[in-house]
Amino acid sequence: MSVSISAQEVVKKYGEVTVIPNLSVEIKNGEFFTLLGPSGCGKTTLLRMIAGFNSIEGGEIKFGEQVINNIPAHKRNIGMVFQNYAIFPHLTVRQNVEYGLKLRKLNKEEMKKKIDHILKVVKIEEYQDRLPERLSGGQQQRVALARAIVIHPSVLLMDEPLSNLDAKLRVEMRGAIRDVQKEVGITTVYVTHDQEEALAVSDRIAVMKEGIIQQVGAPYKIYTRPANIFVATFIGHSNLFKGILTTTPEGTFVKFRNGYEIQMDTLVEVTRDKANVIIAVRPEEFSISDKGINAIIKSKTFLGKYVNYELTFDEDMIVPGQPSIEYSQDIGHAERTYEVGDTITLVPNKSKINIFTDDGSQSLIKDVSAYE
Amino acid sequence: MSVSISAQEVVKKYGEVTVIPNLSVEIKNGEFFTLLGPSGCGKTTLLRMIAGFNSIEGGEIKFGEQVINNIPAHKRNIGMVFQNYAIFPHLTVRQNVEYGLKLRKLNKEEMKKKIDHILKVVKIEEYQDRLPERLSGGQQQRVALARAIVIHPSVLLMDEPLSNLDAKLRVEMRGAIRDVQKEVGITTVYVTHDQEEALAVSDRIAVMKEGIIQQVGAPYKIYTRPANIFVATFIGHSNLFKGILTTTPEGTFVKFRNGYEIQMDTLVEVTRDKANVIIAVRPEEFSISDKGINAIIKSKTFLGKYVNYELTFDEDMIVPGQPSIEYSQDIGHAERTYEVGDTITLVPNKSKINIFTDDGSQSLIKDVSAYE
Amino acid sequence: GSTSTSTATSEPEKKATTEATSEAAQQETTDPETKDLVIYCPHPLEFIEPLVSEFETQTGVSVEVVAAGTGELLKRVESEQGNPLGDIFWGGSLSTMKPQQDLFENYQSINEEYVYDNMKNVEGPLTRFTNIPSVIMVNTDLIGDIKIEGYEDLLNPELKGKIAHCDPSKSSSSYEHLINMLYAMGNGDPEQGWGYVEKLCENLDGKLLSGSSAVYKGVADGEYTVGLTFEEGGAKYVADGAPVKLVYMKEGVISKPDGVYIIKDAKNMANAKKFIDFVTGKDAQTIIIEKLNRRSVRTDVPAPNGLEKIENINLIYDDEELVVEKKQEWLDKFKDIFTSAQ
Amino acid sequence: MNKAKIKWDFWSTMTLVIMAIFALFLIYPLFSLFISGFQDAETGAFTLSNFARFFEKKYYYQSMINSFKVTVSVTFLAILIGAPIAYFMTCYKIKFKGLIEVLVIISMLSPPFIGAYSWILLGGRSGVITKFFLNTFGIELPSVYGFGGILLVFTLKLYPFIYLYVSGALKKIDVSLSEAAESLGCNSVKKVITIIIPLILPTVLAGALLVFMNALADFGTPMLIGEGFSVMPVIIYSEFISEVGGQANFAAAMASIMVLITALLFMAQKYVVNKKSFTMSSLRPIQPKEAKGIKGFLMHAFIYFAVFLSIIPQLTVIYTSFLKTKGSMFTSGFSLDSYRSVLKNAGKAIANSYIYGIIAIIIIILLGMFIAYLSTRRKNVFTSIIDTVTMFPYIVPGSVLGITLLLAFNKKPLLLSGTVIIMIVAFVIRRLPYTLRSSAAILYQISPSMEEASISLGYSPVRTFFKVTAIMMLPGVLSGALLSWITVINELSSSIILYTGNTRTMSVAIYTEVIRASYGTAAALSTILTVTTVISLLIFFKLSGSKDVNI
Ligand SMILES: Nc1ncnc2c1ncn2[C@@H]1O[C@H](COP(=O)(O)OP(=O)(O)OP(=O)(O)O)[C@@H](O)[C@H]1O
Ligand SMILES: Nc1ncnc2c1ncn2[C@@H]1O[C@H](COP(=O)(O)OP(=O)(O)OP(=O)(O)O)[C@@H](O)[C@H]1O
Ligand SMILES: [Mg+2]
Ligand SMILES: [Mg+2]
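Residue numbers (this note's numbering), protein chains in the order written: chain A, 1 to 372; chain B, 1 to 372; chain C, 1 to 342; chain D, 1 to 551.
Keep in mind the hints are simulated off the structure, nothing from the lab.
Be careful, since some hints might not be right.
[Said to hold, decoys possible] To be clear about the criterion: a stretch of chain A counts as covered by chain D if any three or more of its residues have a C-beta under 8 Å from a C-beta of chain D, and this derived list gives those stretches: (1) 49 to 63; (2) 69 to 77; (3) 83 to 89; (4) 168 to 179; (5) 207 to 213.
[To be verified] Computed cross-link-like contacts, DSS-like style, restricted to lysine-lysine with a CA-CA straight-line distance of at most 27 Å: (6) D/Lys-190 with A/Lys-102; (7) B/Lys-123 with A/Lys-298; (8) B/Lys-350 with B/Lys-291; (9) D/Lys-467 with B/Lys-113; (10) B/Lys-112 with D/Lys-467; (11) C/Lys-160 with C/Lys-250; (12) D/Lys-191 with A/Lys-108; (13) A/Lys-112 with D/Lys-190; (14) C/Lys-267 with C/Lys-98; (15) D/Lys-95 with A/Lys-13; (16) B/Lys-298 with A/Lys-168; (17) A/Lys-123 with B/Lys-298; (18) A/Lys-120 with B/Lys-298; (19) A/Lys-108 with D/Lys-190; (20) A/Lys-242 with A/Lys-300; (21) D/Lys-131 with D/Lys-324; (22) D/Lys-411 with A/Lys-105; (23) D/Lys-191 with C/Lys-264; (24) B/Lys-298 with A/Lys-182; (25) C/Lys-35 with D/Lys-344; (26) A/Lys-75 with A/Lys-182.
Each residue gets a CB set at the ideal place from its N, CA and C atoms; glycine is no exception.
Construct the complete structure from the given sequences, taking the supplied hints into account.
This is the structure in structure tokens:
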């Protein structure tokens, strides 16, 4: 049976270094919950605390109503896919997968059926009698995945379980994970670096930075309405422009430094007149137009579905310190593409763009909350 | 100094199992060459043969003019990033990076400068005195990357060097790799599962399957004009429809099973009339229209830049055995999105779609070659 | 226990010995330069010390003692033929050394004339050093009322498993005992003695030790009630006040000398000869009886302190040639008897 | 594979050099010994009668059966004690861990004879403990003699081998494997059985082999407390070197039988290890956890009890070294007389012990690592032969080996007898197996990709060996080297044959006291040896900067 997970004011220190200062989060029963964040932000650490492999320096973690801080890992009924696979080198593929099931008194036949099934799902049935050292990286990772899923744990913890698989297999595998997870109702905490993956499979996503949760919400919400500029730039790309907020009787406007103005009806009310703001526009929220903001194309990258243009703007239009300003052109339908050196005029899609306070810490869009 | 790499009829066996039956490929001097292929297809194996860690059961590998089959690995002047990082656990981050440089008689200062620089590039300077066991997975991977790059080898071999990094860091890192590579002119062989990455950084890509190269070409070419349906479906998604080729005085047409016809002017001449063909349409190559082919929306996934619809077609329209048929709608500009259950009418963009022989083994588009 | 008389060495005699020694050295020096002497010796430090330091002061030769078990040392000598690293082999009972006498140099000490007749060096290399009877050692704390006067008493069932005896193939003292009991219990015909050996083996109850010292040490420590050992082994405990006493078998005691020998082709030949002359000299022999619980081979040195007078011991004699000849056969026979008694 | 071509590189040169060394110092002497097993004692003609004699007489073959009874039991017991202690000490926070490690090492320090004699003093028929139980509780304890006693003494003496080996191996296990098992719902016991043990099996086997062979070859203990329970080495020893004059050819035949058995065992062990070894890259070693509750208590109790038992003989030795003695008797009261009487001679012996020891240990470590590397990473016929042959001297009784060496190197041009060199050669070839086996075991666990990484950065295989492989091997090497060091310092049976007055070592000095029952002075020397060894180890570990004793 799956359970809800609740972390309350959890603290994690490695010696003197505090990796997670104070983290609270509620993961619902049966939910597919994803942790996203930069490398080293504490995702693995949090996962290992839930699993019971890291000590907890403060706060509580509960499974349902039960505080589990002091329950040993093997009694928590979890399944875990480790970042480094951690498959048993002395057991064959099949024995690896079998390992957890054996502890769960099943009759032989049922066990065999389950294992055959999962081996097929992760596409390693033909290697089932090999020792892990003779498998490729991706094959090993699938063994780790199968091993954790097959026991139908109440909590499934996955640390980048698909990082070494090709795109196609990855899509299939995440489908498989999703299926098992929904079918049996496993509460799943998932760590990934693949944003598309996160957006595709998660019920909710938590974006972390330096051990602090920045935003928790449904994928669509996180992507379209990020709570601060960290989230806006970390999930997908966002181009950040300096802007000024003006309130006139006709409504509220945000003005780019070059004077181009957009009327915004969806801003929170408290905003001061003439306030400096940051305007975040995603590469795909631009359209080519004759009126708007001008940019010169600096470079061009073909990325399959679309072409990415890196743009140059007037220095003082944009927030400094950004790696690049980009426009992405959907080429499934685009009439023409542009070349390096071309000047183009772009208009942002006002229903999509996001406005943040000057320090970037808060969204000014109505109804955006950091925790949902 | 960088070199060209040439593999000629290379064979690799593990005991009885032939992993690479007969592979030939030319990698140009200074090129950024990427290997893409399903998990277990032999990418790591090929890389390790170039590096000198796997025996070669047949054929030759040359660096420039020199056959290197029997040159020991340490004399090949390669740099390698291993799939499992393989960083030295007994050395600190800095010492790991320093390790290879020490051999290359540099004066102290220059060495220090180089290391400081690379540590900054891969963003691990603050951890430089830690032992690897106290790093996160992504941090470890960056150490491995820095260690291989800093020596400026003539051949750089990278086995999924960025698999454990978040999207943003990954973009930065691949930029950094690209920069060093171009600056010094290192011939680079790169293995990745991230197609976007492959498309973004590679000069050329080789798509492999079961040890056999399916297509070698520039990213744009591979994506837009795949040589066979394996490549078409492996790189990006392709929806495969059954079609019939008809040649009339007005030109050549491909007809979908529901009767919808498209005139194709770019097909090779030899094609027989009434031949069965496969029509490959990428999700983004569809547009909503009132005439075309009808589909029902089965499910809908939000993927950031676009929304992915999984579609249901009449059974006999599509090539059987496909995991899904998809339409992806660019939502930067889309006026409306659709809901599950809606019926939509789609037209494929005829300048983009690809036509393959009935068995899928060959493209019928003019000027598409498997090796470029 | 027994009473003793102590005799001081008289001045003139001492002088004579010293003179003789230096004289011999002058005549026969092969290499007058050497100032060293290497002695292979299984005796304990406390035994070696007094004699060696006396020798060093008298002659100015510097002595290096290599100590190990008799067997080990003998094997060394054997292996080092051609390049001997030792000069003197000091210790080892005659029955052990006789078969190996080719390893040693012929030399008649200047003191040969003072040696008892039956202990003269008739073979050439085998200079006798002391005389050692076999004895039964009894722990007086443990023995209680059990009467021990000789071999026969060891068959007392109350002693079953309490007798310390060594494997005769491993220890020369128990080999001597084997010979002793064969002759004593066979009334002079060793072949008649095996019946006793069989009974004794049964009473050993499967316990057979593996080294000479284990016997006297074991009895002294109270691990065993009685033990079959050699006189000096037990006597030093008596002298030290341990709760032990020595019993000289009433059925007969064989007393065998041990010796001191020059290793063939010794590098310090002259000093080696000096040493032989020294230890058989009256001074040294007197030290032996006074401090080291052994019997002298010299007629002019009295019985030692605290040891039974030789007259009170029922001495018997073996046929040395027969013993050498039968050695392997008897050892094997003992093994068989012991194993089948288990 | 390019089969035909053996690439000519550093390692092939190394193979040749090592082969040459071994041919000279091992194969040549040992094989002349074995050959003499086939020779008639008198005529020197070829014969099998020596072997026939062995299998005909119960006295002899019974001792072989006895030997196996002892060694098999000891091996199991040593594993049963050593492995759990190693596991607990690695995975849990055990109180006084550092002290325990020091004590374990001290318990290994007792020189031959002394340890067993201490047990007699304690548990003999009138031993302190026996008497205590008899007088206070009226319980008659079984005596320390015979099979049981040998078992007790061997087990307590040899479980530290397993402990050291297994600790080294456990440090190389990546914690995530253990965590993976737990995440699948496995409790600690199951986890140990199904994951940990299989993973360290090569090391356990290597340790078990050493224990087995050590128990098979040791004659000091059974000689003192065997009491008629005769075992092979005692018989070989006494046939070869008895006071009574033994039969060298027969002894050689018996030694050959032992060596044959060893070789078979060793090959079996290698076979299993090859099949059952798995490389792991251990980036995150196991972190000790808190040992709580009843489990924690039991763990502590078990460790303390075992270690206490094994340290008893040393304590006894140290205690007796301060007793007043009268001749070879201990009398009541304390004094420093024993020390006084040994001190004037001890200086030279101590210096010798350490100088030879250091030279030997350096050679041992180098050879051990090289051979381990060759036999695991460069497998071929030659390296396997080298690997196997190195185990032979371990099983041949030391004094027999000493004599073979003496015989072999007593003539020009190979005149080494009486020199330091021959002592060191004996130390090296007898004590190499400890370091070699532990090094080989650890190598099986190190992922070759570390070496590949180094090579890819331009380091030649040789430099890679020194800069990466060797360093990563260190935990394993050191646990073996520790054993080698301790046993070199305590080496006796071959040095007793090879030493001269100038090259006398401490253990020879101790033995000299022991053979004629002067236990007070022997104990004093032994205590000096123990104290100096512990100091030497502490200094070493201080200098090498490692926190705990076996790294
Ligand atoms: N030592 C080995 N013995 C036998 N087969 C092996 C061995 N190593 C790899 N293989 C097999 O060879 C094939 C190719 O392996 P390789 O590691 O090159 O795959 P890959 O393309 O790198 O896969 P991935 O993307 O999953 O890392 C796989 O099917 C694998 O199972
Ligand atoms: N044993 C340790 N001792 C000290 N610091 C550690 C230890 N393990 C991890 N850290 C640090 O804690 C931080 C969080 O590590 P964690 O492994 O949770 O990161 P992560 O989010 O999983 O990163 P990645 O995506 O790179 O795997 C990192 O900065 C890391 O360097
Ligand atoms: Mg991580
Ligand atoms: Mg791979």
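Hint consistency between C/Lys-267 and C/Lys-98 [alpha-carbon to alpha-carbon, up to 27 Å]: Given that 27 Å is the threshold and the Cα spacing comes to 23 Å, the pair holds.
Can the restraint linking A/Lys-120 and B/Lys-298 be considered satisfied, given a maximum Cα separation of 27 Å? With a Cα-Cα distance of about 25 Å, the restraint between A/Lys-120 and B/Lys-298 holds, given a limit of 27 Å.
If you draw a straight line from the CA of C/Lys-35 to the CA of D/Lys-344, is it 27 Å or shorter? With a Cα-Cα distance of about 22 Å, the restraint between C/Lys-35 and D/Lys-344 holds, given a limit of 27 Å.
Hinted pair, alpha-carbon criterion (27 Å max): D/Lys-411, A/Lys-105. Please report holds or violated. 72 Å, violated
Hinted pair B/Lys-112 and D/Lys-467, Cα distance within 27 Å: 20 Å, holds
For the pair supplied as a hint, C/Lys-160 and C/Lys-250, confirm whether the alpha-carbon distance does not exceed 27 Å. 21 Å, holds
Okay, the segment 83 to 89 of chain A and chain D, do three or more residues pass the C-beta test at under 8 Å? Three-residue rule met by the segment 83 to 89 of chain A, so holds; n is 5.
Assertion that chain D covers the segment 168 to 179 of chain A - criterion: three or more residues, beta-carbon distance below 8 Å: violated (count 0)
Assess, step by step, whether the Cα of D/Lys-190 is no farther than 27 Å from the Cα of A/Lys-102, and give holds or violated. Since the Cα atoms of D/Lys-190 and A/Lys-102 sit roughly 11 Å apart, the hinted pair holds (cutoff 27 Å).
Measure nothing beyond the straight line between the CA atoms of B/Lys-298 and A/Lys-168; if it is 27 Å or shorter, mark the hint as holding. 20 Å, holds
For A/Lys-123 and B/Lys-298, compute the direct alpha-carbon distance and say whether it is at most 27 Å. 25 Å, holds
Decide if the proposed pair is consistent with the structure: B/Lys-350 and B/Lys-291, CA atoms, cutoff 27 Å inclusive. 14 Å, holds
The structure is inconsistent with the numbered hints 4, 5, 22, 23, although it conforms to all the rest.
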